[in-house]
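There are 2 protein chains.
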Amino acid sequence: MNKDYYVVIMAGGIGTRFWPMSTAACPKQFIDVMGTGKTLIQQTYSRFKDFCPAENIFVVTGQAYREKVLEQLPGIRPDRVLCEPHRKNTAPCIAYANYKIRAINPDAVVVVAPADHVVLKEDVFGQVIREAAQAASQNDWLITLGIKPSYPNTGYGYIQFDSEEVCTRFNQIKKVKLFTEKPGLEMARTFVESGEFLWNAGLFIWSLKSAMRAFKTYLPDIDELFAAGMSKFNTPEEADYIEKVYLVCKSISIDYGVMEKARNVYVIAADFGWSDVGTWGALYELVPKNEEENAIVGKNVLAYDTRGCIVNVPQDKLVVLQGLEDCIVVEHGNSLLVCKRSQEQMIRRIVDDVAKRKGEKGA
Amino acid sequence: MNKDYYVVIMAGGIGTRFWPMSTAACPKQFIDVMGTGKTLIQQTYSRFKDFCPAENIFVVTGQAYREKVLEQLPGIRPDRVLCEPHRKNTAPCIAYANYKIRAINPDAVVVVAPADHVVLKEDVFGQVIREAAQAASQNDWLITLGIKPSYPNTGYGYIQFDSEEVCTRFNQIKKVKLFTEKPGLEMARTFVESGEFLWNAGLFIWSLKSAMRAFKTYLPDIDELFAAGMSKFNTPEEADYIEKVYLVCKSISIDYGVMEKARNVYVIAADFGWSDVGTWGALYELVPKNEEENAIVGKNVLAYDTRGCIVNVPQDKLVVLQGLEDCIVVEHGNSLLVCKRSQEQMIRRIVDDVAKRKGEKGA
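Protein chains in written order, with the working numbering: chain F, 39 to 401; chain A, 39 to 401.
None of these hints come from the bench; they were simulated from the model.
Where is the CB? At the ideal position from N, CA and C, for every residue including glycine.
Hints may be right or wrong, so weigh each one.
Derived DEER-like restraints, expressed as beta-carbon distance ranges [said to hold, decoys possible]:
1. E323(A) with D354(F): 32 to 38 Å
2. N372(F) with K220(A): 37 to 43 Å
3. P326(F) with Q101(A): 44 to 50 Å
Facing chain A, a subset of chain F residues (Cβ under 10 Å, in silico) [as the list claims (entries may be wrong)]:
4. Y342
5. L362
6. I385
7. R387
8. V392
9. R395
Make the full structure from the sequences, and use the hints.
See below:
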């Protein structure tokens with residue numbers, strides 16, 4: 039275990055595509071979507087337990103989720119839970135963590151990971167992360183992890199690597215040519231067929247020095263906001279200062295703000311059973327299915343003439359399904375969703391309608 | 039309001055076809071299946087509130103349901119709730135009530151009604167019942183109500199009336215030729231086409247004297263069991279005595295034991311929006327439906343691309359349905375059912391499976 043290694047878990051998401059399991063009050067990262075007994079943030083946290091000392095793990099989240107983080111991660115040091123007063127996408131989140139870590143260890147090598155992704159092959163993941171951290175500690179590289187695409191997913195960003203340029207010492211690590219946003223289906227097909235594109239898993243590994251240099255170069259305004267308050271970090275004035283920073287700070291992703299612009303970006307092509315489990319459909323692909331192709335979380339689910347369904351209900355709930363095909367059946371809290379898997383994009387509209395309805399009732 | 043009029047509400051059913059709304063712990067009669075805010079037994083009770091004094095209304099039920107009856111019918115006199123120690127079908131239930139009423143008023147005219155049927159046209163029902171009671175008070179007739187069949191239902195018993203014989207003073211009342219059990223579909227079609235058959239609604243109106251005479255004639259063994267304990271009724275010894283009676287008493291329906299055999303059986307053909315709401319499908323036919331042919335009970339149900347469904351969920355439950363067709367969606371207590379309407383006969387099997395599952399878990 040390397041004491042210079044640090045992890046920043048980004049846990050500020052408020053995604054609604056997993057409604058009704060995820061809600062603004064309890065987003066996806068705090069939920070056991072896989073039915074394993076562990077929430078996604080718990081899985082993410084434990085994924086790094088052999089990588090670095092527990093006190094080197096930071097979680098960046100919203101003030102509203104601080105208690106949830108402390109409750110779900112009993113091993114975390116409370117002062118390692120950073121609360122963003124406003125949601126400003128990933129770049130400010132990482133800048134904040136960078137300055138906090140710099141006050142402790144300027145020689146840190148930092149892994150930045152989303153709290154709400156799934157990794158099925160933990161051992162492969164561990165190897166890849168260690169290799170990346172080693173490379174980052176020795177080079178001024180911004181390293182990202184790219185997933186070998188299994189099909190033309192249009193919901194992911196893609197990373198094109200340079201197949202010519204070989205890093206002699208780290209032969210799995212390739213130079214990045216291009217970061218792209220979510221492509222259309224045709225484009226995604228071309229990407230996958232080319233063999234030069236990887237899914238952007240949103241995982242970054244770099245030395246703190248390289249990261250701060252990149253911010254200074256590509257996002258100087260954000261860097262200056264945090265730099266100006268350096269004396270206030272880890273003092274009672276920090277919260278007030280951060281509140282002011284976030285009020286004026288622009289909202290921008292690390293991909294768009296840094297990775298797409300920097301010249302020293304590298305990628306490790308890896309296959310560790312990764313998914314951002316961005317939708318019920320993505321989760322369905324990921325989890326084990328029974329003979330009838332049903333993926334069921336819930337101990338008291340009886341299914342008759344039911345195929346291709348993803349079911350996620352409380353363990354003690356008795357659920358009887360008959361004659362359903364390719365459906366999502368989810369109960370959480372006081373809400374129930376039954377929806378065709380093919381129509382899961384409806385969920386966003388549904389959540390809007392639900393919010394409106396609540397607004398009307400409240401009015 | 040006639041002080042000689044009495045009502046016996048039979049509330050001993052433990053039907054499972056309305057699972058998960060109805061369970062052995064809370065059968066259909068104690069449930070608000072229509073979503074009107076009143077349970078079926080409450081609707082039944084209030085249907086007779088202008089017919090006779092409240093103290094003349096009896097409910098016969100199982101010991102397990104006594105508290106439920108008292109809770110749901112705050113107007114009932116506690117000593118009017120008769121508890122059967124064992125389920126022995128309708129004949130013993132009626133015999134027990136007969137003896138109880140005889141101790142109070144030997145000149146009673148009694149209406150016997152199931153607790154769990156629906157009547158949509160309450161005013162027509164009231165008129166028919168009053169006419170029947172008047173006829174019963176003046177004649178040694180066993181009167182039953184027959185519903186003009188709207189289609190060849192194979193789940194009901196049928197009553198054939200004699201279209202020749204006319205009761206001059208009560209021209210709606212017809213002599214009964216035949217009581218039959220549930221017919222096959224072909225037979226049911228013939229019945230309906232003949233114009234001589236009515237659905238057996240399980241409602242009986244007779245003078246106490248006529249009823250007791252019929253029991254003495256056609257079910258003398260049952261009658262003797264109750265007659266032998268006459269001195270014990272309305273004393274502390276009643277419960278023990280009734281326990282003994284029910285241990286030895288045979289289980290038999292009033293239809294099979296009396297109505298099919300007696301010669302003085304009459305029927306009033308009526309149309310008061312009756313249903314025994316024996317299944318979710320029957321309930322679906324009965325209740326109002328929206329433009330998409332959905333019948334929804336529940337204040338927070340959002341339906342998208344959903345047609346022909348019957349939905350019954352707790353008022354505060356948020357339920358989102360998408361892409362469902364001709365389904366039953368019911369949540370009650372800790373159980374949820376989603377089932378094709380056409381497959382509702384599965385519910386019986388499902389309930390058995392659920393019971394088995396519980397048995398296994400308990401073992």
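Checked hints:
1. Range check, E323(A) to D354(F): about 34 Å between beta-carbon atoms, so the 32 to 38 Å window is met.
2. In this structure, N372(F) and K220(A) meet the distance hint of 37 to 43 Å, their C-beta atoms being roughly 41 Å apart.
3. Checked against the hint of 44 to 50 Å, the pair P326(F) and Q101(A) passes, with Cβ atoms roughly 47 Å apart.
4. A distance limit of 10 Å between C-beta atoms decides the matter here; for Y342(F) the minimum to chain A is near 6 Å, and the interface restraint holds.
5. The interface hint given for L362(F) is met, as the beta carbon of that residue sits about 6 Å from the closest beta carbon of chain A, less than 10 Å.
6. Because the smallest distance between the Cβ of I385(F) and any Cβ of chain A comes to about 8 Å, under 10 Å, the interface hint for this residue holds.
7. With its C-beta approaching chain A no nearer than about 8 Å, R387(F) sits inside the 10 Å limit, and its interface hint holds.
8. Of the supplied interface hints, the one on V392(F) holds, with its beta-carbon coming within about 7 Å of a beta-carbon of chain A, less than 10 Å.
9. The interface hint given for R395(F) holds, since its Cβ lies 7 Å from the closest Cβ of chain A, which is under the 10 Å cut-off.
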